[in-house]
Structure formats: C-alpha cells, structure tokens
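Colleague: Keeping the supplied structure of chain A fixed, place chain B upon it in accordance with the hints.
Sequence lines, in order, name chains A and B.
Residues in the first sequence are numbered consecutively from 28, following the working numbering.
Residues in the second sequence are numbered consecutively from 28, following the working numbering.
Any given hint could be a false lead.
Copies of the same chain look alike in the list, so a pair counts if it works inside one copy or between any two.
Unchecked claim - In silico EDC-like links for lysine to aspartate or glutamate, alpha-carbon gap of 20 Å or less:
hint, residue 1, residue 2
1, Lys-340, Glu-297
2, Lys-127, Glu-452
3, Lys-437, Asp-476
4, Lys-127, Glu-360
5, Lys-311, Glu-270
6, Lys-206, Asp-195
7, Lys-340, Glu-54
8, Lys-244, Asp-347
9, Lys-378, Glu-120
10, Lys-319, Asp-198
11, Lys-66, Glu-360
12, Lys-146, Asp-191
Think of the hints as simulated: they come from the structure by calculation, not from any bench.
Number of protein chains: 2
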Amino acid sequence: MLKNYEIRKYQMPQEEIKALIKEKREELFCQQQLIKEHKLPVFVLIEGWGAAGKGTLIGNLIKELDPRFFRVINMDVPAEKNTRKPFLWRYMETIPEAGKFVFLDSAWLDETAEDVIKKRIDEETLEKRMQQIRTFDRQLKDNGYLVVKLFLQIPEEEQKKRLDKLMDTKDTKWRVAKKDIRQMEKRKQYEDVFDRILEATNTGYVPWNIVDAVDKKQALLQVLHILTNQINQAVENSKVLPEILHKDYPLLKMPKLSEVPLNQEMTKEEYQIQLKTLQKKLKKLHNKIYRKKVPVIIAYEGWDAAGKGGNIKRLTSALDPRGFEVHPIASPEPHEKARHYLWRFYHRLPKDGHIAIFDRTWYGRVMVERLEGFCSENDWKRAYNEMNEFEKELSDWGAVVIKFWVHIDKDTQLARFTDRQNNPEKQWKITEEDWRNREKWDVYEEAIDEMIAKTSTENAPWYIIQSNNKYYARIQAIQIVIDEIEKKLGNKRPL
Amino acid sequence: MLKNYEIRKYQMPQEEIKALIKEKREELFCQQQLIKEHKLPVFVLIEGWGAAGKGTLIGNLIKELDPRFFRVINMDVPAEKNTRKPFLWRYMETIPEAGKFVFLDSAWLDETAEDVIKKRIDEETLEKRMQQIRTFDRQLKDNGYLVVKLFLQIPEEEQKKRLDKLMDTKDTKWRVAKKDIRQMEKRKQYEDVFDRILEATNTGYVPWNIVDAVDKKQALLQVLHILTNQINQAVENSKVLPEILHKDYPLLKMPKLSEVPLNQEMTKEEYQIQLKTLQKKLKKLHNKIYRKKVPVIIAYEGWDAAGKGGNIKRLTSALDPRGFEVHPIASPEPHEKARHYLWRFYHRLPKDGHIAIFDRTWYGRVMVERLEGFCSENDWKRAYNEMNEFEKELSDWGAVVIKFWVHIDKDTQLARFTDRQNNPEKQWKITEEDWRNREKWDVYEEAIDEMIAKTSTENAPWYIIQSNNKYYARIQAIQIVIDEIEKKLGNKRPL
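Next comes chain A alone, as it looks inside the complex:
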C-alpha cells in the first residue's frame, strides 16, 4: 500500500484550503450531535511514521469538539500486566461508548511492527494476529461501530529532516523516541513490515486510509474529509443489516438435550471419596498452570436450580484463592450496554496462569437476549459466529476454554423450586422470574440445542453436565476440568 501510494494533493491556494478546513471542522462539530442521536461509536486509529505529526493532527481534529464526547488515548508500550492478556485486550479496553469518539495515538499496527522488527514474534503469531485484527474490525463494524484507520505517510527524507530538527535543540530532543531513530535507521525494513500488515488488514468493511502528511494543512484537510464522509456514510448505512457469517470452525457433534440421559446415581460416600481425590489433583494442576502461565476460562450456563452454584463451589474450593476469580454475570450496566456486547467479558479475562469462572456468560445473547427480544434477530444470529471467533482468539492466546451446560429435567426443576419455596433458608434463591422462565422451558430448550450445536468447537467445547444427581454432576465437571487442563499441558490434541 505504501509502495503504490501516490501523493494526493488539493490543488488550490492556501486560502481556499484554510476555508475548507474551517468548513469541514464545523461539519465535524455538528456530527457530534448526529453520532449522539444515532448512538454511533466512532473509533479512530491514527498510525504512521515517527515525526509524521500524529499528535498535532489529533490536536487539530479535536479543536472544535466538545471534550465530553471524545477521549484521546496514547497507547504506551504495554506494561507487564497487560501483556499477560490476549494481544488485542488493551485495544478492546479502549473502544468508545455509543455516541462518542475515541482517538488512538498509535495502535496495534505500530505495536506489531515493533514486535516483528525486534523479532519478538514469529511468522505464525504474526499471521494469527492479522487474522484477529480483521475479526476485531469486522465485529466492531457489525456491532454498530465506525472504525476509521489512518496511516500518516511521509517520505524517508522528510522523516529524517524532521527528526534531525527535533534532536537539534535540547527543548525538543526528549520528544524523539528510540523507536523513531530505529525507524530512520531501518526505514526499508519498516516499510516492508508496515506494508505487509496494512495490506493484510485492509478490508472492505474497515479499509486503511493512507494520508500524505508532508504538508500539515493538507493532511488535516484529508483527514477531516475522510472522517466526516465516513460518519455520514455510517449513519446512512446504520439500517443495513450485517451479513450473518458461519466461519468454518470444526464443530463437535453434540446430542440434543432431550437425548441426554439423566438417570445417573451416586451416593454421598462415593462422591466424597472421589471429590477428595479429584480436588487434590486439580490443586496440583492449578500450581502447574500458574507456573506455565496457561490461562483457564470456565463458562457455566444451565437451567435455574440445576446446581451451578454448588458445582462452582466444589471446583473453587480446590483452588488457591489467589489464582482464580468467579464472575457472576447479571444484566449489563449502562457503561457496558453502551459498548460491544463482548466487551464486558473481554474486560474480565484472567491474567495468564489464572482461572476465570463465569457464572452465566456471553451466551446470554442467544438465550435470554434472543428470547426476550433484548437484541435484534440479526444480532443473535450473528452471535454464534462472533462467539466462536472470540473463543478461538482465547485458545490462540493459549487458554483452556471449557463450557458447561448444567442440565436437569423439568420434573427435577419443579422439585427443587418447590423445596426452595418451602424452605425459609432457601427462599431467597427463588423468585417470580424463575417461575416465569420455567413456563418458557420449551422455547429455551430449542434455543439451547441450537446454541450447543453451533458453538461446540474443538477448541472450546460444550459439556452437558448431568445434574439430576448433584454429586454426579460435580464429579463430572471437576473431572472434565482436569482432563482439559491436562490435555493442554500435555499438548495432546483434543479428542
């Protein structure tokens, strides 16, 4: 892209350019209201060569904007804490809320190019990252985001001239980073790397915009044009439904819920003996994943009163409390609702070496949100693939991903509900809503069957926990967790 890049210039006198800038700035100012009304989040990534003027450009862009409607974020080199998360984690953290702007000063292009030049990542990791970036862009787009990607281009001589000038005086010298000097020294090499990543992440849904940044006024005008046009387009296209994709992830053949036998027996004695052995084993594995920095993500879904809570407790009581966290998931809070629906789960991912247990999960999208109409049909239909992509990213990161559907039959639920209702100590566990949900058992069952069929991938399989007998269910779950962790540690292929 940089190689074929032709310098574009507005062929008009300075005065006219100034007038146009003023006009476009006013347009951008008015668009603040527009994006607020349309709840459009606008995510602007500003990449480019060192000394290309990223900071100045951002300063000029926001000049007329209301500071309550935008954030500018300088993506520093990641601290140790952050690199213990998936690569895109810290970018996902910064995505704007509906109706607001976020301007990123350098982003994943810059970070990845550095990693390549410094040989911190291999070819395979690079390819995976570029795939993840494409997915990230597309998911944002499909979930109502406008993503604008800009690359500020200056020729080699121009960069050299600017850096020399900065280094010339003591007052400005500190602003030249080591990276800038490296870029000058290895310009050709950087050019190749930038080009490769730019091309690989230049998609129809979120294209790159190469900006000629030699003349600052020209560059500003170009960017104002791009930005205002894309905002207008995004608003216009906001009614266009995104395509529903089915990426070709290897799906496991799963039974329907109605085909799953629930007549398992287990005595308390047998349970206690097995539990002790398994908890001991799990404890040791926890130590091992901590040292090998393997993250583990365990997702719990299940019928009301199926015994999720007790099941989770038997798992966690084997674990070092400093190495796991349980995330109870309720309906999203306003700042969560204002972002991509996977954001709040992304936000809660464990550090590597740690375990995160989700008590209810992102699958709410294709169950309660689908059935109660909290999202559109296109939203939940798209979600199967989006969640597969999300989980693929997690396992590419090195995570063990396990999903449990804690299953009981209708009669067992009724018995447990009645028991809760009649037992003063347990009454808080049962609400009117539980009874209402129970009435919708059949539509839920259908949705769950579809969910399990469409999202049980090799790297993030669903397990149906047979929980009419709670003892059996607990042993089953803990055994699966052990097996999956051992599989990962032994690097064996999943069955």
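Modeller: Okay, now just chain B, sitting in the frame of chain A:
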C-alpha cells in the same frame, strides 16, 4: 504491638478445636446472607511475616463461602503504571461492593515496610502515609464498611524453620521470595518498622488483630472468631451514626455567592487576543507538568447554563490531547453506587503529569444528593470533611487541585434557558429537569454557600468564576489554572 504481644492459645484438645472451627465456619457461611441483606461490604486485610501462612489461611477461610460473594486479591508489587497514582489508589481500587467480601493478601503495611527498609521513602512521606491510612480506614468505616485488619505473627525461629524447609526441595523453593529472605536477615529491623506502622494505624474504629500463627488450626480459629464477631458487631452497629468531624484544615475566607459581582464586561476582540496569549502559555506549562510529573485535577461545578462546557473547551483546546481527560459525571452506575461514594472519582484520577477535568464532581454529595435526599443527613454533613481529606491526599501526592464554581445570576440563567428553548439547534441542551432545578435556586444557593465556605482549603481552593459574560469567565478560568500550576512549579506558597 508485636513487642508486647503475648501468645494466645485455646487451651483445649485438638478435637474440640476442630469442632469449634467447623461451627465458626458455618456461622461465617450464614453471615454471607446477613451481609448481603445489610449491604455490608467486608474488607479483610491479611498481613504478616513471610511464611506465616497467609495463603493457607485465606484458603481455609473461604472454603465454605459462595465464590460469587468474595474476591481474593494478591497485591503484587505495583507496576510502573500504578505508582503514578497516589499511594492508596490501588487499595481503593480493590474495596468490596456492598454485601461482598474482599480478602487482600498483603496490603499497604507490607508495601510501606518494604519501602522503609529499602529507603525508598523518607520520614515525612512515611508520616503522611500513616495519616492517609488512618483516614482511609475511618472513611471506609464511616461509609458503612467493615474493615478487618489481621497480622499473622510467628517468632523468628519459626519463620527461619519454615523458610529453610521450603528452600530444601526444588518443588517448593520457587515459593520463597527475595523479600522473605530479606525478612529473615533483617528480622529485628523489620520488627521495628512493622511495630511502628502497626501502632500508628491501630485506631479505635479499625484496630489491628495480631494473630498467633505458629499453629495453623489455632490461627484459623482465632481469625474465624475475629471475623464472625466483627461482622455481627458491624451489623448491630449499622444504625449508629458516625461522628461528624471537622478537621482543622486552613480554610480560605470566601464570599457568599450573593456578594460576588457579575457585571464584568469583555468584548469578543479583547477576549480573542487574551485567549490566544493564555492558551499559548498554558500549552507550555502542560509540557512542563508532563515532564515534572505533576498531576493536575480541575473540578467544575456551576449553575445550569452557566457555561461550564464552553469554559472547559477553551481550556482543553490549549492542551495536548494525549495529556488530559475530561470526565463528565452523571449519576453513579450500579457498581459505583455499591461502593464508597468517592470511589468513582478516585478511580478516574489522572496519572502524574496528566490533567483530569471533572465536569461535575464529588461535590454532588452536598448539593444534589443532599437536596434531593439521595443520601442521609449524616452522610452529607460528614462529606465536607471527607472531601477535604480526599483533596489533601491529592495535594500531598503532589497534585494541583483547582475547583471552579461557574457562577451566573438568576436572570442570566432565564435568558439562556429561553434562548435554548427557542433555538432548534440548542434545544437538546435544555430539559424539564433544568426548569425544575431552577425553581430550587434559593435552597441550592444556600447549600453552595455552605459548601464553598467549608471546603475552600489552601491546598484545594474554590474559585468563583464570574460567568454572566462568558468571555470574561473563560479568561478568568484559564488564568487561574495557569497561576495555580505556576505556583506549584515554582514551589511558591499559595496566596
């Protein structure tokens, strides 16, 4: 405290101890419901010598707890990112939500002792920190928190024995930290430091509990006793109103709002000339505070339609967008409401060298929350002192703290409201609520006078911005920001 510490032991057979532990654990289990009902947040700090068994103790404490109701947090050595915040920032981040437990594995005692031993802080900083910790504890207590502080004590020989044993085999050697070895080598020195900090932070409202940790069962039982007792007490005392303190902060003599003249004039031309000069100056200062790592916090309050937004914009348009952030403050979200009311502001503090601008602030407590009855009388009366303490901590950290009341008179507000109402482009800026608030002008004015009188401290002064003429107001605000920053940089005393 450690010096006078007498070993306490339950004088009873092992069997009885085990039975008691079981009993107390069940009590703790039931208390989960109790704290949930009473919305009591329980913050448990576990400090102590290396190898005293902190991890094991926590593991034993939570064994019966529902993992959805607690979090265990291991307070690692702070990463660079965090040390760019006030000392207590990362502890404030971890405080529990109402109705939940947080267990901290090591906290500010451990961190501070290390800093003293390694000579990373001087005497003055140490004294300030201990004062901050006392304030932190008291504020949490007053705001409905139960804070339980435990120190696990083992004698020198016991510590040595345990560490030697750990270092003996390869499997356990990695668990011995450098700090543990240092503690063994400098035991006497550590003892003195621990003692000093323990004594200085041992208050009537949040006392220390020294736990004899030689025998693990005995230690567990002691802690279970302490914890269950303190929870019962906290629930019992939840109706007792905290004392309303007025710490002796040097207050500035401030006029009443009615005494503030609002007849300033400024032409657009004059304004534009002055603005240009001042923005240039501020831009340079921004660079300087960035390099000197001075944090700046600017708090905006004011009447509806007083021109806060426009005022903020003229300030920020002079700033490098990568070095500031504007935080619009609306009513708190659920996860914010479930915590100490200052938490969400603490959370949004800038890194040092950065500027945070709050568009509405923590002073909502003594204005809207007071007048609309969103908090109790005791709550808002206590808040003046709490906010002074909060701001004192900020300036002790090195921050410039500036508070603006953007002031207009009633007629001017009416004129601007009417203008908004009649102008289609501005209509979104005016709501029914604005009109309702306007009716309460007089009670608000009284509350604001009280607020300004009680919280205009030398280190965090209020400035009344005279905003009938918006041009005048903008110049005034930007000039004050410049003056305050220059004062800090020049280390001059405030006027």
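Colleague: Between Lys-319 and Asp-198, at a C-alpha cutoff of 20 Å, which is it: within one copy, between copies, both, or neither?
Modeller: Answer is between: at 14 Å across copies they meet the 20 Å cutoff, but 46 Å inside does not.
Colleague: State whether the alpha carbon distance between Lys-127 and Glu-360 is at most 20 Å within one copy, between copies, both, or neither.
Modeller: Result: close both inside a copy and across copies, 17 Å intra and 18 Å inter.
Colleague: Between the shortest in-copy and the shortest cross-copy C-alpha distance, which are at most 20 Å for Lys-340 and Glu-297: within, between, both, or neither?
Modeller: For Lys-340 and Glu-297, only the intra-copy Cα distance (18 Å) is at most 20 Å; the inter-copy one is 69 Å.
Colleague: Can you give me the call for Lys-378 and Glu-120, within, between, both or neither, at a CA distance of at most 20 Å?
Modeller: both (14 Å within a copy, 17 Å between copies)
Colleague: Checking an output row: Lys-311 and Glu-270, CA cutoff 20 Å. Within, between, both or neither?
Modeller: For Lys-311 and Glu-270, the Cα distance exceeds 20 Å both inside one copy (46 Å) and across copies (50 Å).
Colleague: Taking 20 Å as the upper bound on the Cα-Cα distance, should Lys-127 and Glu-452 be classified as within, between, both, or neither?
Modeller: between (47 Å within a copy, 19 Å between copies)
Colleague: At most 20 Å between CA atoms: does that hold for Lys-206 and Asp-195 within a copy, between copies, both, or neither?
Modeller: within (17 Å within a copy, 45 Å between copies)
Colleague: Is the C-alpha distance from Lys-146 to Asp-191 at most 20 Å within one copy, between copies, in both cases, or in neither?
Modeller: neither (27 Å within a copy, 41 Å between copies)
Colleague: Checking Lys-437 and Asp-476: alpha-carbon separation at most 20 Å within a copy, between copies, both or neither?
Modeller: Answer is within; shortest intra-copy Cα gap is 16 Å, inter-copy 63 Å.
Colleague: My question is about Lys-66 and Glu-360: at a cut-off of 20 Å on alpha-carbon distance, are they close within one copy, between copies, both, or neither?
Modeller: Close inside one copy (16 Å) and across copies (19 Å); limit 20 Å.
Colleague: For Lys-340 and Glu-54, with the copy left unspecified, which applies at a CA distance of at most 20 Å: within, between, both, or neither?
Modeller: between (56 Å within a copy, 17 Å between copies)
Colleague: Please sort Lys-244 with Asp-347 into within, between, both or neither, judging by C-alpha distance up to 20 Å.
Modeller: between (58 Å within a copy, 18 Å between copies)
Consistency with the previously given hints fails for numbers 5, 12, ordered from lowest to highest.
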